[in-house]
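So you can see what is in the structure, the chains are spelled out below.
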Amino acid sequence: MTPLLSVRHLTKTYGRHIGCADVSFDLYPGEVMGIVGESGSGKSTLLNCMAGHMAPDSGAVIFDTRAEGPKDTVSMSEPERRMLGRTDWAFVHQHARDGLRMGVSAGGNVGERLMAVGARNYAQIRETATDWLGRVEIDTGRIDDRPSTFSGGMQQRLQIARNLVTGPRLVFMDEPTGGLDVSVQARLLDLLRGLVRQMGLSAVIVTHDLAVVRLLADRLMVMKDGRVVETGLTDQVLDDPQHGYTQLLVSSVLQV
Amino acid sequence: MISVSGLAKTFTLHNQGGAVIEVMRDAALDVAPGECVGLTGPSGAGKSTLMRMIWGNYLAAAGRIEVAGLDVARAAPREIIALRRATLGYVSQFLRVVPRVPTLDVVAEPLMVLGVDEAAAHDRARALLARLNIPQTLWSLSPTTFSGGEQQRVNIARGFAHEYPVMLLDEPTASLDAANREVVLELIEEAKARGAAILGIFHDVAARERVCDRTVDVAAFTPEPA
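Heads up: the protein sequence lines correspond to chains A and B, in order.
Adding 2 to a residue's 1-based position in the first sequence gives its number in my numbering.
Adding 8 to a residue's 1-based position in the second sequence gives its number in my numbering.
Hints listed in this document are in silico derivations from the structure and should not be mistaken for laboratory results.
Cβ coordinates follow ideal geometry from the N, Cα and C atoms, glycine included.
Among the clues, some could well be false.
Listing some non-contacts, in silico: residues in chain B with all C-beta distances to chain A over 10 Å [as the list claims (entries may be wrong)]:
#	residue
1	THR20
2	LEU21
3	GLU30
4	GLY64
5	GLY71
6	PRO85
7	PRO107
8	HIS130
9	GLN144
10	ALA186
11	ASN188
12	ALA201
13	GLY203
14	VAL213
15	PRO233
If you want the footprint, here are the derived chain A segments under chain B, 3+ residues with CB under 8 Å [to be verified]:
#	region
16	151-157
17	164-170
18	191-205
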């Protein structure tokens, strides 16, 4: 099977400071990979380099495109990469307001992404947007309201709807449950798990929450100081960590 | 269906002076289709450790762990994920679920992951929950607030929802009353009858004697103190 995404020796530095160094891995269709590490470990830098939001210093991010098969997205043209970002890729930001247009209605936020890939029939766009609001459990009566009137959990669900409406194959998520109440987190986790299963999505999820990765991710990558220190099956890395740093990370979690 | 040989396990505690603890050496066992093998031995002898190595959440230091032809000790994560999805089931002592997900969905999930349609998966889940005497009024609620015995039964229902060819059972009858213990033993007997290879830990001696065709004492795999 061809990996959906192959990351090879990805490196990004900020002057003398290492963002991420020599990261390589393969992600197969339908797989969910978690990236954990503390603040400053380079996990967000890595995610942003993979998603094309930031140019890496070296390395390749090879994506199995629908039309042309595996292609390095780092060296492809900017319009081509931007097209991928609107079609096959999705990016869920930690802060919903970074991923939404706050001045546009909820339905508009979802419809906008459809229009970006060529949808023009207004009635159909509205119907699809309504359907997606329902799927992410937002009262469809709120379709004409602006997201600024939504709660944090609703905004996050709207951001997910906006991202998934075009049927992407790969979703990048940066702390998707960060900053939400635990009860809201649980609902979001359940929603994400269901969507990943139904749509056969592959995903890369950056988080510092080990409980979140245990429930969402098949595989786990642990980062420290910009480098990958351990990778493996999620429950193997959490239950039988091999690296000293992972052992410290796992044993530092408060039990409830 | 399960074939373990030369299996060893060590733990290296990097944050405690790099201490290396050898907990298992040269472990070997086989489980054939339709057979149930019980692991015995005193607490701490490594019954659960051996089971976790077969499940793949503990890494082997050496040896082979063949499950339905796949060497779990060397397999890539995605191969183990596929094995767990369709072939290898595990009923642990703890129920781990996303909070707020209804019990019915928790039990049906292993089938849904395999692509079984929702109606059929829910039918199977309802049948198992009813058999394990979980009151119907609880099916729409999350099991996170249930009693220990109820959670254990939900865990068993989930573990038996799909007919895995290979099953690992860690104390499946613990904390169950006589009636529910009987249901679990029947489920195990039915799984054997359809040809499942089962490896189990049963502290309940009567249960072990009833469902196990033979036992393996893991104390034999405990390394000699150096």
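Taking the hints in turn, this is what the structure says about them:
1. Not every CB of chain A is more than 10 Å from the CB of THR20 (chain B) (nearest about 7 Å), against its label as outside the interface.
2. In this structure LEU21 (chain B) is not separated from chain A by more than 10 Å, as the shortest Cβ-Cβ distance comes to only about 7 Å.
3. Interface exclusion of GLU30 (chain B) from chain A stands, the closest Cβ pair being 15 Å apart, more than 10 Å.
4. The claim that GLY64 (chain B) is not at the interface with chain A is violated, since a C-beta of that chain comes within 10 Å of its own (minimum 6 Å).
5. Every beta carbon of chain A lies more than 10 Å from that of GLY71 (chain B), the smallest distance being close to 15 Å; the non-interface claim holds.
6. Distance check for PRO85 (chain B) against chain A: the nearest CB is about 5 Å away, which does not clear 10 Å, and the non-interface claim fails.
7. With a least CB separation of 4 Å from chain A, PRO107 (chain B) falls inside the 10 Å interface cut-off, contrary to its annotation.
8. Every CB of chain A is more than 10 Å from the CB of HIS130 (chain B) (nearest about 14 Å), matching its label as outside the interface.
9. Here GLN144 (chain B) stays apart from chain A, with its beta-carbon at least about 22 Å from theirs, past the 10 Å limit.
10. No beta-carbon of chain A comes within 10 Å of the beta-carbon of ALA186 (chain B); the shortest separation is about 33 Å.
11. The non-interface label for ASN188 (chain B) is consistent with chain A: the shortest C-beta to C-beta separation is roughly 27 Å, beyond 10 Å.
12. For ALA201 (chain B), the non-interface assignment is confirmed: its Cβ lies about 30 Å from the closest Cβ of chain A, beyond the 10 Å cut-off.
13. For GLY203 (chain B), the non-interface assignment is confirmed: its Cβ lies about 27 Å from the closest Cβ of chain A, beyond the 10 Å cut-off.
14. No beta-carbon of chain A is positioned within 10 Å of the beta-carbon of VAL213 (chain B); the least distance is around 29 Å.
15. Every beta carbon of chain A lies more than 10 Å from that of PRO233 (chain B), the smallest distance being close to 23 Å; the non-interface claim holds.
16. Proximity of the region 151-157 of chain A to chain B, defined as three or more residues with a beta carbon under 8 Å from a beta carbon of that chain, is not established by the 0 residues found.
17. With 0 residues having a Cβ less than 8 Å from any Cβ of chain B, the region 164-170 of chain A misses the three-residue criterion, and the hint is violated.
18. Residues of the region 191-205 of chain A lying with their CB closer than 8 Å to a CB of chain B number 4, which satisfies the three-residue condition for coverage.
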